[in-house]
Amino acid sequence: MDPSEVEFLAEKEVVKIIPNFSLDKIYLIGGDLGPFNPGLPVDVPVWLALNLKQRQKCRIVPPEWMDVEKLEEIRELERKEDTFTPVPSPYYMELTKLLLNHASDNIPKADEIRTLVKDIWDTRIAKLRLSADSFISQQEAHAKLDNLTLMEINTTRSFLLDTLNCMYKLRSNLQPGSSGGKAQDHQ
Amino acid sequence: MPCERKPMRYGHSEGHTDVCFDDAGKYIVTCGSDGDVRIWESLDDDDPKSINVGEKVYSLALKNGKLVTAASNNTVQIHTFPEGDPDGILTRFTTNATHITYNRSGSRVAAGSSDFMVKVVEMYDSSQQKTLRGHTAPILSVTFDPKDEFLASASCDGSVAVWKIEEQTQVTSWPLLQKSNDVINAKSLCRLAWQPKAAKLLAVPVETTVQLYQRDSWAQVGTLSDDLGTQAINVVAWSPCGKFLAAGSIGGLLTVWDVESKLCVERQKHEKGYTVCGLAWHPSGGQIAYTDTEGCLGVLDGLSSSSSSSSTTASSTTTKVSLWSYMKASPSHPNGLDKFVDDDDAGSAIVPPAAVAAPLRPVYDGPMPTPPQKAFQPGSTPAHLMHRFMMWNSVGIVRGYNDDQDNAIDVEFHDTAVHHAMHLTNSLGHTVADLSQEAVLLACPGTDELASKLQCLHFSSWDTNKEWMVDLPKGEDVQALCLGQGWAAAATSALILRLFSIGGVQRELFSLPGPVVCIAGHGEQLLVVYHRGTGFDGEQALGVQLLQFGQKRRQVIHGEPLPLSRKSHLSWLGFTAEGTPCFIDSEGVVRLLNRSLGNMWTPVCNTRDNCKGKSDHYWMVGVHENPQQLRCIPCKGSRYPPTLPRPAVAVLPFKLPLCQTTTEKGQMEEQYWRSVLLHNHYGFLSSSGYEIDEEGQSQAQKEQQELLMKMFALSCKLEREFRSVELAELMTQNVVTLAIRYASRSHRMALAQRLSDLALEKANQLQGEEPQEEEEEEPLQYTRRNTGSHRQAQEEEVDEEQGQEEHMDEGDVAESKRQGKSRESLSISSPTPLISCISGLGRSGSAGGQNRVTNVLDSMMSSSKKPTALLSSSGSTGKLNKTPFLKPLAPRPKTKTQSTLLHMNAPKAANKKAAEEREPAVCKLKQTEAPPPASPAENVENKKHKSGFQLWLEDNRRIILADNPDLEETDVIKEAIGRFRTLSADDRLTWTERAKGQSGDVADMKKRKRGEEESRGDKNGQSEADETSAKKKKPVDTSAKLSAFAFNKN
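Protein chains in written order, with UniProt numbering: chain A, 1 to 187; chain B, 1 to 1050.
Isolated chain A (complex conformation) (with noise of 0.2 angstroms):
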């Protein structure tokens, strides 16, 4: 899966806008939207919202979660667990690069809010490597890991199946014999 695929899916996400104009509902086959009335918070998807920040047709209301407060809580609870922790949104780093990148003047404290995003996505693929690395070293069949995104599983997903792959070609190539040890110290 391609990162643009997965972006594509979160611009599915809802956000409110601030339209400054006025149109009637607009039926579409994912629903209907609207009435858009300027000046009125009116939810509409992400791909609609930036098209229409695009044309300066609207502010957009950042999500709630969106706010350093909110987010440096989140940044430390995720610093301090071992596991993953619950994200505010399950496209949270779409959202927040969708978002910076196109409205970041509607957006208060945009830079603070991209680094703290960048902090816990960071601490989070730290993790991903981390749980990766010993699920291999221990040789485990099967492993749980909660509350990771599909952006997230997205960025380790094709690495990880390939090593897999890879080495079990390369233990089944062993000799039986000798697969003993060899497997052992290449571990």
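Worth flagging that the hints you see were computed from the coordinates, not collected in a lab. These numbers come from a predicted model, not from an experiment. Treat each hint with caution, since some may be false.
Residues from chain B that face chain A, not an exhaustive set, calculated with beta carbons under 8 angstroms [unchecked claim]:
no.: 1; residue: I633
no.: 2; residue: P645
no.: 3; residue: R745
Only pairs whose alpha carbons sit at most 25 angstroms apart, straight line, appear in this in silico BS3-like list of lysine-lysine [to be verified]:
no.: 4; chain 1: B; residue 1: K49; chain 2: B; residue 2: K6
no.: 5; chain 1: A; residue 1: K70; chain 2: B; residue 2: K612
no.: 6; chain 1: A; residue 1: K70; chain 2: B; residue 2: K614
no.: 7; chain 1: B; residue 1: K179; chain 2: B; residue 2: K147
no.: 8; chain 1: B; residue 1: K567; chain 2: B; residue 2: K655
no.: 9; chain 1: B; residue 1: K466; chain 2: B; residue 2: K453
no.: 10; chain 1: B; residue 1: K179; chain 2: A; residue 2: K109
no.: 11; chain 1: A; residue 1: K16; chain 2: B; residue 2: K636
no.: 12; chain 1: B; residue 1: K49; chain 2: B; residue 2: K63
no.: 13; chain 1: B; residue 1: K272; chain 2: B; residue 2: K200
no.: 14; chain 1: A; residue 1: K70; chain 2: B; residue 2: K710
no.: 15; chain 1: A; residue 1: K16; chain 2: B; residue 2: K6
Covered stretches of chain A (in silico footprint by chain B; criterion: 3 or more residues with CB under 8 angstroms from a CB of chain B, positions within the stretch not fixed) [said to hold, decoys possible]:
no.: 16; segment: 31–40
no.: 17; segment: 80–87
Cβ atoms here follow ideal geometry from the backbone N, Cα and C, with glycine treated the same way.
Please build the complex by placing chain B on the supplied structure of chain A, with the hints as guidance.
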């Protein structure tokens, strides 16, 4: 220690005073706020010597024949004593000195000043000065260490500091006092005193006690207090022997302590309880002179302290409380408390005779008047904020910035299609603003030089001058302003309301009955709230006026009291987007004008119910009736939102405070009455000539009837038949029929019988009212028809016919019945659709679910189906009416969008109509010369008499019946509609034209009607105008048509 309090005598004019003795103790020297220094030989001296040393004297000190004074000219002057000749200036400050004092030898003078500095100046050479800096507020008092090493000072910054004079450094500092910003506001003068001779202790008056600090260690070693002293001590003074300390308090209590034993040895009360601000001990130690803030001088005599040092130990155990009474000379209190004196009370330091209290003043404890609330702009945050909202309404936001860098106003529109954002420099200092779709109105209060100004940025003007300004007469300030449609209003401090046209023409002005609180405008309505009188106990007494301009100018509300919640004030006033007056008080209760209930105010919501915290509030920015929305900004812990971060609007629902809204019954009742209340505006809008959302209206009516039906069912279930009948009385006739069916199906025959009586009664009533209704309601209906018709193209007319039963208001029913009658007169054999529907209903529901007529409830549920189902071609037009803002009929911004639709001629006709309605007179003229061209939309008018479809139906009914002899009446109509629609457009057009022609020549009944109408028209000019314009809709010649078309294109 017996002492005698001598009666006080007048020394100076009232204000701060100070007192001291000369070295020998021969004279008492006082100074006061009259700028004089007076030298008294004794208290009985009737001719004291006066020396004028300045405008005001704050403090004085005397030693070695040199009198030093601190005067209001910011100098410290020297005068010779007792001659009183000026002997030069000792030092100067940037502001006045507050306290001066000599050292023991008299070689130096210390002075503390309001400019936060303490100066120590050598007497023989005033150029030798030492400045002690470190206090951060005006100096209250200074005192020298008798050994000349230290100096203590007290300041308004709350600290008492000790300085090393030579090094000019602070040795120590105690935060003892209450902070204040100036000497005048200080709670106490805090005159410090250093123990003479031994120089061991520093006395600091702190609140009601005197704290003693030890020299060198600077530790607190004791506290002198007196239980009777309830007020802060102002001044302290040591006896010359250093054993006793005298203190004078704010409340006029004079206390003397033996410092050794810390016991109170003498207590005297000022005869009038005035604040003692000067206190001096006679060099011999036997007398204390004191002055008060009223300028009087008093003396305590007979203190034998230093001489009887041996006896003090004895006397210290004996406390004598002398309570002295009023001046002997005072005739009003001859013997009141006079001989309360001299009761010896051994062993106890406290004798609290309660009767000492100040003479009783008559106390008023009835209701207290409330300070009237100030004028404000609804939707603005307070003017003292540096960054604030000057206006937030449904059009946009006006923000005011007033800080060091910038004084500016930002105008931003919610809908950027109205206008782009503006940034103005606020050089005039505007404080109030309003914003509408047409203009920005700003006003500033007047100053000494400049008059109050009203500035209008009329951005929608079509010429190049987008701005005008008006100066108000001198002394008249704009206090509140508002914008309406095409006009602006400003209420001024002269209790005048001035009206302006939006282009700047001065219009009417009128006087307000009281100081304005706020005003609000909408369309052609003006709402004024003013102070009707004085409110008591936290209530405001506000009055409200509602005026209507436009065609019929009238006052709708004539200054009735505005019903606020208990102990609250008005916090928002305005109109809903639909034009109903509305206000919110500080308790968060939203009240809406109920036009159908004699213009009473109905509470529709309490915004505080939605708050989480106690100090959270909602700040209102707009109210909409359709959809039902209260738009407001949640403010956490405040009443007003900050400008940054940009607050987000939240939407609150309406909720009538009906009882038991947790039960199903209560909920439905609330829903029903809310729906009724919030759809009142349809009646108002149509009667004042605005376009209304017919679809919305019929939907609302359906909703109401549906709720009634549900309530009916509920009360049936609960065996409440009487209540059921009550509910049925609220229903329209059609729904009553349904109710009958429901009752009979649930085997409540008695109920069904009563209901059918009721239905009959209703029907009779309708017929009885008919002539009246024709007179009263017809103009109204015409308007509605006309206004609605523009977006309903030709096919809809068919739908109108068929869907008529869905218009459930009585007016419509009556109308269709009348139609029916006229038709009956033509062909009695064919009953009208409506009647047949009802009868069909009454018999059974056999006609099938797809027939909307038979299943009213279904059709009520799926009401939105109606416009789309049959109007596939013009359906989308019906949906454009959602915009929340009012649209007058005349300028039609919608036509642009409509022109893209299939039926070009429909909007065209609408345009023409709109034009005609603006000038009915012109229309009438045109009508006489131009023959009516065939425009489909016109038929809509005629259908009142007979539409093309109806004619066609009459002709073809037989054929249909012949083809399908077993059809029900309703099915006949359905079939007929189907057939009619299969006809070619041209054919249909001919039919409709025939219908028109027929209305002219065939039905003489119609002629009679017109005659009636015309005679009626004489009575009511307005309705005539409406009617004629409605009737003679189409007199526009082709060129006008073309021009209308061109306009659409653009």
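Status of each hint after checking the structure:
| no. | hint | result |
| --- | --- | --- |
| 1 | I633 | 11 angstroms, violated |
| 2 | P645 | 5 angstroms, holds |
| 3 | R745 | 37 angstroms, violated |
| 4 | K49/B <-> K6/B | 21 angstroms, holds |
| 5 | K70/A <-> K612/B | 20 angstroms, holds |
| 6 | K70/A <-> K614/B | 24 angstroms, holds |
| 7 | K179/B <-> K147/B | 30 angstroms, violated |
| 8 | K567/B <-> K655/B | 22 angstroms, holds |
| 9 | K466/B <-> K453/B | 17 angstroms, holds |
| 10 | K179/B <-> K109/A | 38 angstroms, violated |
| 11 | K16/A <-> K636/B | 20 angstroms, holds |
| 12 | K49/B <-> K63/B | 18 angstroms, holds |
| 13 | K272/B <-> K200/B | 35 angstroms, violated |
| 14 | K70/A <-> K710/B | 47 angstroms, violated |
| 15 | K16/A <-> K6/B | 82 angstroms, violated |
| 16 | 31–40 | holds (count 5) |
| 17 | 80–87 | violated (count 0) |
Violation of the numbered hints given earlier is confined to hints 1, 3, 7, 10, 13, 14, 15, 17; the remaining hints are satisfied by the structure.
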